[in-house]
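Trainee: Here are the chains, one letter per residue:
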Amino acid sequence: MSYFLLLAINGLVIGLIFALVASGLTLVFSVLKVVNFGHGSLYMLGGYASYYLITALGLPSLVGVAGAMIALFVFGVVFERLVIAPMYTDKVERKDEYAIIVTFGLTILLTNLGLVVFGPFAKSPPSFMTGALILGPLILPYDRLIAAIVAVVLLVGLTVFLKRTALGQALDAVSQSRESAAVIGIDPRRMYTVAFGLGSALAGGAGALIAPIFAQSPSMGDLPAVQAFIIIVLGGMGSVGGSIAGGILLGLVQGLGVGYLPDPNRALAYTQAFGALLLVVTLLVRPTGLFGRSHLRLE
Amino acid sequence: MMRPSVAQWTQGLLLALALLLPLVSGPYWIHVGAIAWYYALLAASWALLAGYAGQFSFAHVAFAALGGYASALCIELLAFPLPLAILTAVLLAAVVGALIGALVLRLSGPYLALFTLAISEIFRLVLVAEEDITRGMQGLSVPSLFSGNSDVPYYYLGLGLVVLAVGAMNGLLATRVGLFLRAIREDEGAARASGVDTTRYKILVFVVTSVIAAIAGIYYGHFIGILTPNMAILPEMGLVIAMAVIGGIESLPGSVIGAVVVFLLSESLRSYGEWRFVLMGLVLILVQRFAQNGLFPMLEQLGHRRKEPLPAVSAMEEPRGG
Amino acid sequence: MKRNLHLHLGAALALATLPFATLPAMAEDSIAIGWVGPLSPPGNYSGGQEMQWAVQLGVDQINKAGGVLGRQINVTYEDTKGQPAEGSAAAVRLITKDNVSAIIGEFHSSVALAEIEEAHKYGVPWVGTDVWADAITAKQYPEVFRLAPANSLVYVKAADWTVEQGYKNIAIVAENTDFGQGGAKVIADELKAKNVPYTMATVDLNQQDFTPALLRLMNQSPRPDAIQMVIAGQAQYQLVKQACQLGLAPTAETALIGSSGLLQKEVWEVDGPCAKNLLIVNVAQPKSQWNDKAKDFVKAFTERYNRAPTGVALEAYDTLGVVIEAIKKAGSADRAAIIKAMEEIKHEGVNATYTFPTDKTPDWAFHQFKDVPFTIIQYTAENQSPEDAAIVYPKKWATTDKIAK
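Chains as they are written, first to last, in this note's numbering: chain F, 1 to 299; chain A, 1001 to 1322; chain Y, 2001 to 2405.
Just chain F, same shape as in the assembly (with noise of 0.2 angstroms):
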């Protein structure tokens, strides 16, 4: 039992810090309608930004997390500007597409950009606090600690901000409806913006939280943006509270699935086909994910 419980609660954490990385993802795409496939290469910069924060500029950690999220939303802003916004013109007739290839292609500039720029050498920024919580059986790094918390701050924060601000409503406003929202004076273009800019910074903060757990490289994004896709789908793509869910159910299941497959040998590497076969069942038989909304656009 101690030892479900060991797994479960280390899945749990690891899951908050998923859910953190899917809900840049998942802001982006109730507003915009778009999945962004350069999220993983955000995640990367947020944790190279970070890193120079805090060893170049001898910053404090969090600060170096802070001014990483900063760093990122200015970058998502102008990327959104510059090459997403010309989507909702009539130049561009398949949307869709559209959106798909120049996030991905995003993905292959940033990734190989990295690897030029910040050196093919592992980098890792001090650990926010050393050693681990023992509380008899249970072990939990406080790193992975601070970073689960400082994930449902921002987790909480994010919510509390699409419901009770003014720009949060705007916001959600655009989500349920763009149309609508046009309707009471919301300039739905200019919420396409700050919600790509948003969803850049939490993009860049999980990074950048994550990168004392594990180590920085160029290509560090691509595992967790797989992982974020994951969790989007399960949480309905575009609910906050779905991704979530479907960020600690994704950390439990790979929690739990390595600790009692069968063959260790394979348990590492079927956890991760798992999680893709969860997507891949969910979009299958329930596309408004475990925890979908009603008003997903569906066509």
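It is worth saying that the hints were derived from the structure and are not from the lab. Any given hint could be a false lead.
One-sided and incomplete, this derived list gives chain F residues near chain A with beta-carbon spacing under 8 angstroms [what the hints assert, rightly or not]:
1. Ile-108
2. Asp-222
3. Leu-279
A few chain Y positions that, by computed beta-carbon distances, are all more than 10 angstroms from chain F [stated by the list, open to error]:
4. Lys-2064
5. Asn-2099
6. Thr-2202
7. Pro-2212
8. Lys-2276
9. Val-2372
10. Asn-2383
11. Asp-2388
12. Ile-2403
Idealized CB from N, CA, C, for every residue including glycine.
Starting from the structure of chain F, add chains A and Y where the hints point.
Mentor: Relative to the frame of chain F, chains A and Y by itself:
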């Protein structure tokens, strides 16, 4: 009697160049050319799937891996003779293609992309994990098709496959099927309402393109001599997408040219290291931003604009909407 | 109509000539050598980078001293990305376009296996730097030589050592590549033969969270008393960090044994105090055995690249060294002459004195350098460099007979 269009002239000229290349160039460019045909097959068939039929699939390179592995394993484990192994692999790809096509009937846009991405990852992970059968990341050796040391037979085999595949796909598009596929892409509901059997054509396009991808994979495996699950990683899919988009996602010859140009450029700019791929990502974004039909159709259109009156649009050069 | 044709012809011609136009101009009299290895993902690019640097250092030294046979050396570097197809294309390119006298390098065995097919086809000497799969020399191609150990050469001894140390429950954590799986299999077979129980876990190099897998190992009964990692890439850093954070290893109860990637200085940046007491299988001589050449090389490398070389750099430098020696011996840069000379040379490099025997049993022994020096070292203090670490194996070089816990 219609006079050949500019586009056909160009394509004829490029084909002649491709045919003559082995006579004038050294073995290296023949080798590079032979690999380029693999990407050309993938880019062209993906252009049909994603560009014409609107099925933006991330699983295309996984089908190449499926074909390559199935054929190689039939030879190694089941001791099939080569033609039977190839036939089995192609049939398998057709069946799996039909299955995927049927599964994704209700999905489109980002949903379809995510679905196929996940399928592709699952398949790759199985190839990695089941190393008792596939030899995992250690790589599966594949016997050579031709005796002797020259790559020239592979070069012409690959070129032949590209010409055949593009010819066959264009033939298909010239029939009513092409019309239906476009109708489905533009507005599936309307197409269905006007009596198009959308299910049938969507599955058909998956079968056709999956078979071509599988053939590409079989060709590639025999040529390189070793298969690894890395042939189905996401960056490889990205390369195919970049090639098709840069060349022209709605023009089969354009995507072939795109594949060849992107591959040759990435080979000749090797000394620039990773900057090549930075450039490729940038070009991909810029082409999509400013020339969504790809560079080659754009060049052709430039040609047309200066000419009056406009010539009849050939079958190979589909009209552009808007 | 004319105008259009010009436009298309222009485009087509530009297309056709572009690749040829960028041919590097090469001096007539220089000797061309090709280097292959991973410099970008999905290859292990950090190892590849070190190898490339070491070779370039060697080339500059040779050229500065007047070259070989009065000719300068010119090395063309090809990034093979850990992809067999890239390797095969790179080999053909080097052979047919750059007209190289020999190909050296490579880090990934699967890529090497593709490259040696081309080398064999064209009769070009191919000398492997850090590829371990037995199959590479087991094919017994006359063109293929290897400085790096075959898996069977090192991991049998490493497994024997763990048994001698009295470890009774060994966990093997291996990456899912030719190197990892090959090495794991060698260890597993040896442990099986000696009746030592073991468990195996396979990891993917992209994976980042090994905590559940480590928790599983921790809760095994009995808990493993040694974990042997057969991982080349950076995934190893994560494993060390996570095992340490959980209090699993390296601890008094469980030893953690890794491979050469942990010799790079980044281990201290990523793993910090967790890397203390870590054991590492190191394919290099201990500092006490360094000859003057080795000392000079380490000094020059550190000065030029601002980081200490690890085993792969030494191997890479020596790979160039043996080929140059063979060219000298042959008195020409002719491919066949180099192959013939390779079998006859005895080259004193920085890491060992190399010979390439022609005996064929076991099958991987052909053209395989056998006295590959290897040590098992242990970091005994934070921020220690590998050459200052304690040596626990082999006995003749050991600086201590105690493993720190």
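Trainee: Give a verdict on every hint.
Mentor: Results of checking the hints against the structure:
| no. | hint | verdict |
| --- | --- | --- |
| 1 | Ile-108 | 3 angstroms, holds |
| 2 | Asp-222 | 7 angstroms, holds |
| 3 | Leu-279 | 4 angstroms, holds |
| 4 | Lys-2064 | 27 angstroms, holds |
| 5 | Asn-2099 | 29 angstroms, holds |
| 6 | Thr-2202 | 5 angstroms, violated |
| 7 | Pro-2212 | 4 angstroms, violated |
| 8 | Lys-2276 | 13 angstroms, holds |
| 9 | Val-2372 | 25 angstroms, holds |
| 10 | Asn-2383 | 14 angstroms, holds |
| 11 | Asp-2388 | 21 angstroms, holds |
| 12 | Ile-2403 | 24 angstroms, holds |
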